[in-house]
Amino acid sequence: MKKVLLVRYGEIALKGLNRSYFEDVLKNNIAKRLKKYTDIKINKAQSRIEIHFTITNEEEIIKNIKNIFGIAYISKAFIVASDMEQIQQAALNMYQEGKTFKVETRRGDKKFPLKSPQISAQVGAFILKNTQNAKVDVQNPDVIIEVEVRNTAYVYTTSVKCRAGLPTSTGGKAVLLLSGGIDSPVAGYMMASRGVELICVYFHSSPYTPPEAKQKVVDLAGVLNSFAPGVILYSVPFTQIQEYIIEKCDIKYLTILMRRYMMIIAQKIADSKNAQALITGESLGQVASQTMQSIYATNEVCKMPVFRPLIGLDKINTIYIAKDIGTYDISILPYEDCCTIFTPKHPQTKPKMKNLYIEEEKIGNEMEEYIADAIKNVEIYKL
Amino acid sequence: MIYFDNAATTRPSDEVIEAITTTLKLNYANASSAHFIGKQSKKILSDARETLAKHFNNHNGYIIFTSCATESNNMILHSIREKYMKSNKKYNIISTKIEHPSIYNSLKHYFDDENIEIRYVKTDKNGNIDVEHYKSIIDEKTLFISISHVNNEIGTKNDIFILSSIAKNINKNIIFHSDTVQSAGKFKISLDDSDIDVISISGHKFHAPKGVGALIAKKHVKLQPLLYGGSQEDDLRAGTENIAYITGLQTALIQSEQYICEPSAAIEMRQYIIEKMDEKLSDVIINTPKDINKASPYIINLAISGTKGEVMLRMLNEDGFAVSTSSACSSKKRVSRVLIDAGMDKKIAQSSIRISLSRFNTMQECEILVESIIKNTNRLRKVGKYN
Numbered sequence: 001m002k003k004v005l006l007v008r009y010g011e012i013a014l015k016g017l018n019r020s021y022f023e024d025v026l027k028n029n030i031a032k033r034l035k036k037y038t039d040i041k042i043n044k045a046q047s048r049i050e051i052h053f054t055i056t057n058e059e060e061i062i063k064n065i066k067n068i069f070g071i072a073y074i075s076k077a078f079i080v081a082s083d084m085e086q087i088q089q090a091a092l093n094m095y096q097e098g099k100t101f102k103v104e105t106r107r108g109d110k111k112f113p114l115k116s117p118q119i120s121a122q123v124g125a126f127i128l129k130n131t132q133n134a135k136v137d138v139q140n141p142d143v144i145i146e147v148e149v150r151n152t153a154y155v156y157t158t159s160v161k162c163r164a165g166l167p168t169s170t171g172g173k174a175v176l177l178l179s180g181g182i183d184s185p186v187a188g189y190m191m192a193s194r195g196v197e198l199i200c201v202y203f204h205s206s207p208y209t210p211p212e213a214k215q216k217v218v219d220l221a222g223v224l225n226s227f228a229p230g231v232i233l234y235s236v237p238f239t240q241i242q243e244y245i246i247e248k249c250d251i252k253y254l255t256i257l258m259r260r261y262m263m264i265i266a267q268k269i270a271d272s273k274n275a276q277a278l279i280t281g282e283s284l285g286q287v288a289s290q291t292m293q294s295i296y297a298t299n300e301v302c303k304m305p306v307f308r309p310l311i312g313l314d315k316i317n318t319i320y321i322a323k324d325i326g327t328y329d330i331s332i333l334p335y336e337d338c339c340t341i342f343t344p345k346h347p348q349t350k351p352k353m354k355n356l357y358i359e360e361e362k363i364g365n366e367m368e369e370y371i372a373d374a375i376k377n378v379e380i381y382k383l
Numbered sequence: 001m002i003y004f005d006n007a008a009t010t011r012p013s014d015e016v017i018e019a020i021t022t023t024l025k026l027n028y029a030n031a032s033s034a035h036f037i038g039k040q041s042k043k044i045l046s047d048a049r050e051t052l053a054k055h056f057n058n059h060n061g062y063i064i065f066t067s068c069a070t071e072s073n074n075m076i077l078h079s080i081r082e083k084y085m086k087s088n089k090k091y092n093i094i095s096t097k098i099e100h101p102s103i104y105n106s107l108k109h110y111f112d113d114e115n116i117e118i119r120y121v122k123t124d125k126n127g128n129i130d131v132e133h134y135k136s137i138i139d140e141k142t143l144f145i146s147i148s149h150v151n152n153e154i155g156t157k158n159d160i161f162i163l164s165s166i167a168k169n170i171n172k173n174i175i176f177h178s179d180t181v182q183s184a185g186k187f188k189i190s191l192d193d194s195d196i197d198v199i200s201i202s203g204h205k206f207h208a209p210k211g212v213g214a215l216i217a218k219k220h221v222k223l224q225p226l227l228y229g230g231s232q233e234d235d236l237r238a239g240t241e242n243i244a245y246i247t248g249l250q251t252a253l254i255q256s257e258q259y260i261c262e263p264s265a266a267i268e269m270r271q272y273i274i275e276k277m278d279e280k281l282s283d284v285i286i287n288t289p290k291d292i293n294k295a296s297p298y299i300i301n302l303a304i305s306g307t308k309g310e311v312m313l314r315m316l317n318e319d320g321f322a323v324s325t326s327s328a329c330s331s332k333k334r335v336s337r338v339l340i341d342a343g344m345d346k347k348i349a350q351s352s353i354r355i356s357l358s359r360f361n362t363m364q365e366c367e368i369l370v371e372s373i374i375k376n377t378n379r380l381r382k383v384g385k386y387n
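Quick mapping for you: the protein sequence lines, in order, are chains A and B.
Its first residue numbered 1, the first sequence is counted upward by one per residue in our numbering.
Its first residue numbered 1, the second sequence is counted upward by one per residue in our numbering.
Hint data in this document are derived by calculation from the structure and do not stem from the laboratory.
Heads up, a few of these hints could be off.
[As the list claims (entries may be wrong)] Label-pair distances were calculated between CB atoms; the ranges are:
1) B:N378 to A:H346: 21 to 31 Å
2) A:E59 to B:Y28: 45 to 55 Å
3) A:D373 to B:E365: 22 to 32 Å
We put the beta carbon where it would ideally sit given N, CA and C, even for glycine.
When you get a sec, could you build the whole thing from the sequences and use the hints?
Printed below as a string of structure tokens:
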């Protein structure tokens, strides 16, 4: 009888012929997270992933992998042969004296001679026979002893609920426009939960913005990396572009013009990294630059899909998710970012494209140079 | 990097580093040990004490070596609390709202008592003390006065010799303390021929290293230790003496004496910076008193409208200059307490920077600093109305 951590998945289980691909990616993502532990072996086993260990503490393993997308539950299990005697003994070992219990069985191996209710009944009887005060309570038990009979059998009582979703990189690669605010990390998290590999792009306005503002974004990207391993952060110097727009254009259009150039730069980075979409934290109507007219104007420069997972979400819900994933406390640190340092008193909330084009005509060829400079001087952080 | 942040800390001089290194190599023995090299350490310690006694003209009093001025300030406040105050008796203590946090915050800590009133002397926007108000709040219940010699943010120099004398004329029992961190090693400070009873100093503000300071008090001041243990420093500061750094402090002080007599280079540099700012830029407010008799030549605090001090600091940093803002924090919510308490408008406080000099700075460095400030001011003012 051996202890094992049993990884169970949610949505992957519903996949058809390509399920194996999703399982392999998940297994690989788990392996990457645990590579520092040399005693760990990871096996794929009939819609489950088994994590075998000899020295490493199981709680430590759970802590390391519980945020990996694709995992629905992690159970601390005994792994035994598909044999009633061994299953019963494992269940007895799992049972804690004095608690009411019930046994639930899933029989994956349909060739197993007993059916699920029969297995549960026999395991229950074995526990009752071999303990002093055990009592069955099928309505409201203190503990549920779960038995899974497959090629081998697993017995477990404790499961940690995880984040489910799809394994990172199964959903393609996208560029997340990451600011220091509350919304964009949440948007990144939501898309990452659909298997999207994230390249974060942060526009900094140093020296107008302090180094702490950049560090804040590095920390936010670090949190996203704990969910979707492999996050890379590109910190793009944006000051020259902002100063140039201020010099040339009507300040009312500053924010919208800035956002158009951010999209243009983000797409160039996406192209260079074979990413196929952009992700933003925009939520309809939240601020001047997120009215439908403003989003239209921003979107107009985009040739690739722009995912805006928060578009219909109330701020309260966004904050709820931000707190849950651990980005909220970082996001509310009071350092200014590139979007807040230069703000017109009366920004254009319903920009007309015609006027926007007039403003853009004031922008000379230097802008191409500035964009090239910004991309050339990007700082890259691997998290 | 050209260093203009000497009010924060100074670069130890080569001579100081050499003195420390030599002491560390040759005189590492504990000054309390009875063997020969222990006695050598004791001799070094007493020589250093003698140098300080002579320098600060405090021949019969205490020279207590501490780790820094914050410790010295805490020690005198603790002593006043423990040795001078009787329960149920009412007292008042006088200070200003623009003191360094090691006085301002510590006063609130040590004297949080309903029988003790902390009275703050009015100061103007340049940090000058309202002497009439000062006179009016001293009375027979005044036990202790703590007023810094030079304000660390604005650079205002108070005449502590006159202020202590005014205080003693009203109530001779007052203990007059001055935090002289920004003035020690820069101006002549004399205890024996003044009414100042006790001062705090810190080595790293005048080219000694961080980690060594002193509390210098006249003999009549009753002191109470902060740290208990061995009998070092007349039973007033337990802990093995940091002989090497004390030697560094001594060397720095000896070196400083020629600059105390001849501070003209600093005065010229200050004058140049202030004049050029006024001449080349509009709307510059010099927060430091323009009258050199009321200011330290080593600290220039100025506000440049249409700019933010912290952004200017980062731009100057990119150009290779180290200055500081009065508001050290980059948070958009915080401004310097000292500038606000001096009565400055919040916007002015936010647009202030502090340039602080040392004897290592040159006029040429000041010239290129001024150029950089002008260039960056123009850049900031272009976007200033949106920023």
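Hints and how they fare:
The hint said 21 to 31 Å for the Cβ distance between N378 of chain B and H346 of chain A, and at roughly 26 Å that hint holds. Range check, E59 of chain A to Y28 of chain B: about 49 Å between beta-carbon atoms, so the 45 to 55 Å window is met. A C-beta distance of roughly 30 Å is found between D373 of chain A and E365 of chain B, which places it inside the suggested range of 22 to 32 Å.
No hint from the list above goes unmet by this structure.
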